[in-house]
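Undergrad: Below, each chain spelled out in residue letters.
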Amino acid sequence: MIAEAGLAALWLAAALAALQLALVALSLRGAEGLDGLVRPAALAQGVLACLAFGLLIWLFVRVDVSVALVAANDHSAKPLLYRFAATWGNHEGSMLMWVAILSVAGGAVAVLEKRLPERTLLATLGGQATIALGFYAFLLFASNPFARLDPAPLDGKGLNPLLQDPGLAFHPPTLYIGYVGLSVAFSFAIGALVTRDVGPAFARAMRPWVLGAWIFLTLGITAGSYWAYYELGWGGWWFWDPVENASLMPWLAATALLHSVTVLATRDGLRAWTVMLAVVAFSMSMVGTFLVRSGILTSVHSFAVDPRRGAFILILLALYIGGALALFGARVGTVKEGSRFDPVSREGALVVNNLLLTVVLGLVLMGTLYPLVVESFGGRISVGPPYFNAVAGPIALILMLLMAVGPMVRWRRDSARAVLGRVVVPAAVLVVALVASFLLAPRIGWMPRLGLVVAAGVGLGSLAPLWGRNLLRTPLFTWGMVVAHFGLAVSLAGMASDSAFTVERLSATAVGGSERVGPFTVRLDGVEPTFGPNWQAIEGSVTATRGGTSFAMRPQARAFWSPPTETSEAAIRTMLDGQLYVVLGKQVDETRWQMRLWWKPFVTFIWLGGALVALGGALSLIGRVRRERRATQWD
Amino acid sequence: MKAKNQRLWLIGLAAVAMLAAVLLGMWALKDQASYFYTPADAVRDRVEPGRQVRLGGMVEKGSIVKQADGVSIRFVVTDGQATVPVRFTGIVPDLFREGSGVVAEGHFEAGGGFVAETILAKHDERYMPPQVAGAMHKSDSLEADRK
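Which chain is which? The protein sequence lines are H and F, in order. Going by the UniProt record's numbering, the first sequence wraps up at 635, each residue one higher than the last. Going by the UniProt record's numbering, the second sequence wraps up at 147, each residue one higher than the last.
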């Protein structure tokens, strides 16, 4: 009954989305008395979609194997958390989660947004309903999560064990909230285009959604990178895998949008461009969904692969992006001129920021989709890290430099000389860091060296907006910007340090024997079997010693039985100055075991920086919302 | 600067930036695009030694030879049409076994052998890189994998 109730809720939600769209269309065409129904419809749709998703979670938690999806992805021996996570660890469930978040976001817009002109808000909710309808159709006609399985098996098949990890249990929801936040920004842009109302008010309404989406995307990417780092056991943190690019591209677009929407909200510039970016950002999250869910590209981590559904998402993608671009083309002429600014100004710096971000986005998109294009002409090709590193690395460094300078430039008009005066100190730090890097680390490669040097200069430069201010009175959103920019410098320092100073040791070690890696001596004390709820493992007990201090580490090689898969659980010890990373490999002979050891100085800065970036976003969001609330109270 | 001029100026700047990006991208793609090779591709295209590439195929049955140091192995990657001998020092992923799909990252040597720095793990027993699947459609083991 639960499954049937879920399906019914889904159908009802879809019907409400259709009703919502119809009400919006009629109201905008002048029908009276209908507009009051749109907000309740949006809210009810959100509740029903949530109910459907909640029921699916319940089916998974109860391991109701008479439902095909549960049977294929769940197992009764699995810990409770992963029975939850299994709900979205598969294709249908993740799509239902997507539409549930989307509808909740629509409901939230309907309830919370009070400052936007009524017609623009209606058009925005119409946009949300249109997006939701596509996904409802997808779920109801192409991938019903509630389909029954007859006869029911005795137990489910289980979840891919690599997904059995707390980090990954929360990773997809985080990313999806980010994707869906961008869909709201997209709807705002569509709404503003429909009612020819592109201006600061629309930008201010859209900004919290962009910020929210961006925070979640940042967290999602950071968490995903850390997951790949500790779970795959390769010691790497970014692989330029299509699945990773799928989350990076919306992030790049959202980052550009975040900056351009600020120009529009505060200075009424970049109107058409901001609308365009909102369309692009959501397109990127659709492209991301398509890439991940269609399995059309080779990926070392593509889950839930099904080409037929890829075609469905591709059609949706074409409809939404095509429709939005057509609307944009038709209405861009009516978007009035924004206010002007001098090339040397904060606006000017943000324009360059946007151009560079767009260029990186374009290059990543090219590299990700190029194999598809070649393949459609019968060729076969694959683009990998050498391409992405070559094109994205240098531009990213330039962006970082600009990021330090931009906040020191005044809005509207500034003099180049004054700006140069302000960047003297960070520039001097940069030069000192460069000299110091040659003295302290003469033999590292030029990319890591540049990375370290730029990180030092940018880290200091990004703190400059706080200079000479009363720190307690500095607005929260200024703090947000400073923290986010500083976080990027911290990340860059971590990346550069990891690639410059990592020490690796690979060995076949006898029990009782020890190996040296960096400043550590690592002794393999013993190897014994151990068990978990749905796996068994070989666990090594290892003692690492540096100076006079020792600590124990326990790397595991796990074997899951449903589905049968082996994973290696690296033992990672985090210290202030880096991480020691130990992987237990195969048994070589009677006494010896393979071990892989890494000493990675300051590698944690990569994710610490990511967390700081997200924190900066959160500070900004809180600051903006508080200020807006105060402004509304004064009205 | 007049408003209209400013808009034109910005559009021009954006166009130049995009054009530069496309040119940069195409240049890099031309240089780096073929990143994935099957043994047949590799034999046909004569990948220059030292360039970082991926080699994908199946581990030939009976070809894995363990070296005395305990961490190095040799094996042969095949796609049914050509074979490439591979050297690897490291811990092989859990699902690396004879007759199973493999993707090795590394470079070719002058003699035609391949030195793998990383052997990519499949996430589950059904995973098969599409490039390999395409090249290997006759293989029985692939059918078994697909079930």
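Derived from the structure by calculation, the hints contain no laboratory data. Note that the coordinates shown come from a computational prediction; the quantities given were computed from them, not determined experimentally. Take these hints with a grain of salt, some might be off.
One side only, chain F facing chain H, incomplete, derived with CB under 10 angstroms [what the hints assert, rightly or not]:
1) Y35
2) Y37
3) P49
4) V53
5) R74
6) T78
7) G80
8) T89
9) P93
10) E105
Ideal Cβ placement from N, Cα and C applies to all residues, glycine included.
Undergrad: Against each hint, give a clear statement of whether it holds in the structure.
TA: Status of each hint after checking the structure:
The interface hint given for Y35/F is met, as the beta carbon of that residue sits about 4 angstroms from the closest beta carbon of chain H, less than 10 angstroms. Below 10 angstroms, beta-carbon pairs count as interface contacts, and Y37/F has one with chain H at about 9 angstroms; its hint therefore holds. Interface restraint check: P49/F against chain H, minimum CB-CB distance 15 angstroms, threshold 10 angstroms, status violated. Hint on V53/F holds. Least Cβ distance to chain H is approximately 8 angstroms, under the 10 angstroms limit.
Taken as an interface hint, R74/F does not check out: its beta carbon lies about 15 angstroms from the nearest beta carbon of chain H, beyond 10 angstroms. About 17 angstroms separates the beta-carbon of T78/F from the nearest beta-carbon of chain H, more than 10 angstroms, and the hint is not met. At about 15 angstroms, the closest approach between the beta carbon of G80/F and any beta carbon in chain H exceeds 10 angstroms, and the interface hint on this residue is violated. Evaluation of the T89/F hint against chain H yields a held restraint, the C-beta minimum of about 6 angstroms falling below 10 angstroms.
With a cut of 10 angstroms, the hint placing P93/F at the interface with chain H holds, because the nearest CB-to-CB distance is about 8 angstroms. Among the interface hints, the one on E105/F holds; its C-beta lies about 8 angstroms from the nearest C-beta in chain H, closer than the 10 angstroms criterion.
In this structure, the hints that do not hold are numbers 3, 5, 6 and 7, in rising order.
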